[in-house]
Structures are given as C-alpha cells and as structure tokens.
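Build out the structure end to end from the sequences listed, making use of the hints.
Chains P and F, in that order, give the protein sequences.
Reading the first sequence from the start, the letters are residues 1 to 113 in our numbering.
Reading the second sequence from the start, the letters are residues 1 to 116 in our numbering.
Fair warning: there could be bad hints in the mix.
Below 27 Å or equal to it, Euclidean Cα-Cα: the simulated DSSO-like pairs (lysine-lysine) are [claimed, not checked]:
id: 1; chain 1: F; residue 1: K42; chain 2: P; residue 2: K26
id: 2; chain 1: P; residue 1: K55; chain 2: P; residue 2: K26
id: 3; chain 1: F; residue 1: K42; chain 2: P; residue 2: K112
id: 4; chain 1: F; residue 1: K42; chain 2: P; residue 2: K67
Chain F regions said to be covered by chain P (calculated; three or more residues, Cβ under 8 Å) [unchecked claim]:
id: 5; segment: 43-54
id: 6; segment: 59-70
Quick caveat, the hints were computed from the structure, so don't treat them as lab data.
This one's a predicted model, so the numbers in the text were calculated from it and none came from an experiment.
Think of the CB as a built atom: it goes at the ideal place given N, C-alpha and C, for glycine as much as any other residue.
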Amino acid sequence: QQPVQSPQAVILREGEDAVINCSSSKALYSVHWYRQKHGEAPVFLMILLKGGEQKGHDKISASFNEKKQQSSLYLTASQLSYSGTYFCGTVHLNNNAGNMLTFGGGTRLMVKP
Amino acid sequence: EPEVTQTPSHQVTQMGQEVILRCVPISNHLYFYWYRQILGQKVEFLVSFYNNEISEKSEIFDDQFSVERPDGSNFTLKIRSTKLEDSAMYFCASSARLGYEGSPLHFGNGTRLTVT
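Right under this line is the structure:
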C-alpha cells in the first residue's frame, strides 16, 4: 500500500521554507526521500531507519516518527535548484524480503525567484 | 561515480509486439528493480530481483511481464504483448543491500516506451 504525501504541490519564493509530509497506514521499517527533476530519474536524498531519527544535509532535513508512521521532509531557505517533484518511499515491516520500496504520489515543488 | 545505464532511451512499438528493455546495474550491486512512471504520475513499483529470482512483485507485474539477468551484467524487462496502457517511462534501479537495511536505490535515466 502506497504512502500518502501532502501537499500535492507547493510554490515558494526563493529563501522560503517548506515541509512535505509522508504517512503510511502500515508499520514502517524505513523511509526514503527522492527528488525528481522534469524528464530525469529520481535521485536519492536520504534514508531514515529508526523511529524518531532525523537526518539532513545542507538545508534539507527529514524526520521519522515511527509511532505515527510518518515522515516529514524540511526544506529551509529554498533555492531555485530545489524545484522538482519529491517522492517518499516506504519499506514496510511485513515485506517478506524487505525488498519493495513503494513511492507516494509525489509533491511538486516550484521555487520562484 | 558508477551509474545505472538503460537502453534504449526511447522505444516505439506497435500494440501486441514484444519489447525488451535493457539495464546495466552498478557492478557491485546485488538487488535490482524495475519501476514505471506514466507521464506526470507517480513512480510505481513493478518487481525486485535478487540472486537470480524475483523477490517481490506488484499487481502490475502480471504474466505479460518477465525479468531476466541473462549474464553477469545485464538485467532485462520483457513485455510479451504490449498494450496501449503500457506506454510509460520505465526505470531500472539497483541497490547494494536490501531496502530495509537502508540502502538507497540508484536509478537509470529510463526508457520511454510508446505503444501505438
């Protein structure tokens, strides 16, 4: 079952912040975040493995609340290069092989000058 | 940096024809995947493959689809009798470890399949 992302789309001015949420109805083992630019392949951003884990690099960070089965991606002081579609991908505890990453519907982010 | 390569970049075929999409995963990766993305929509899981067998597959991956690792480097997706609704971008991906172990997926640039 695919995770649910919100919002579906967001428009920002350069320098503004955004939060993208990802939630699942099933227990999660890990959450991945990827960014896809138009016409390109998804590119890995980060993985969160433990409940409550928070990771980040540069001005993009993420949290994972295992109990709530949710993850959030935080983009601070957004840059034009942040534009794209952000996908969360989830691995569930009851996967037999733990080898199925299911993506959410995506959040389209546009950063304007 | 090593990358996943896919060929062809664009394939046009007639309905009912068979197509084979090819991928060369990153050389030391052990887990391989196919995803598809209909234009403007989400990235949908098709199948994962490890140790020369399918480890997971989705409902989309029906009898019309098959995967193979014919040699030590290539990983292929075959669609036996294409339908109009198979038109999509097909992404191959590979990872060093299992998803639950926190290994990222590395995606190829995709093959755009157009069924006419």
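We went through each hint and held it up to the structure:
no., hint, verdict
1, K42(F) - K26(P), "holds (19 Å)"
2, K55(P) - K26(P), "holds (22 Å)"
3, K42(F) - K112(P), "holds (24 Å)"
4, K42(F) - K67(P), "holds (26 Å)"
5, 43-54, "holds (count 5)"
6, 59-70, "violated (count 0)"
Against the hints set out earlier in the document, a violation occurs for number 6 only.
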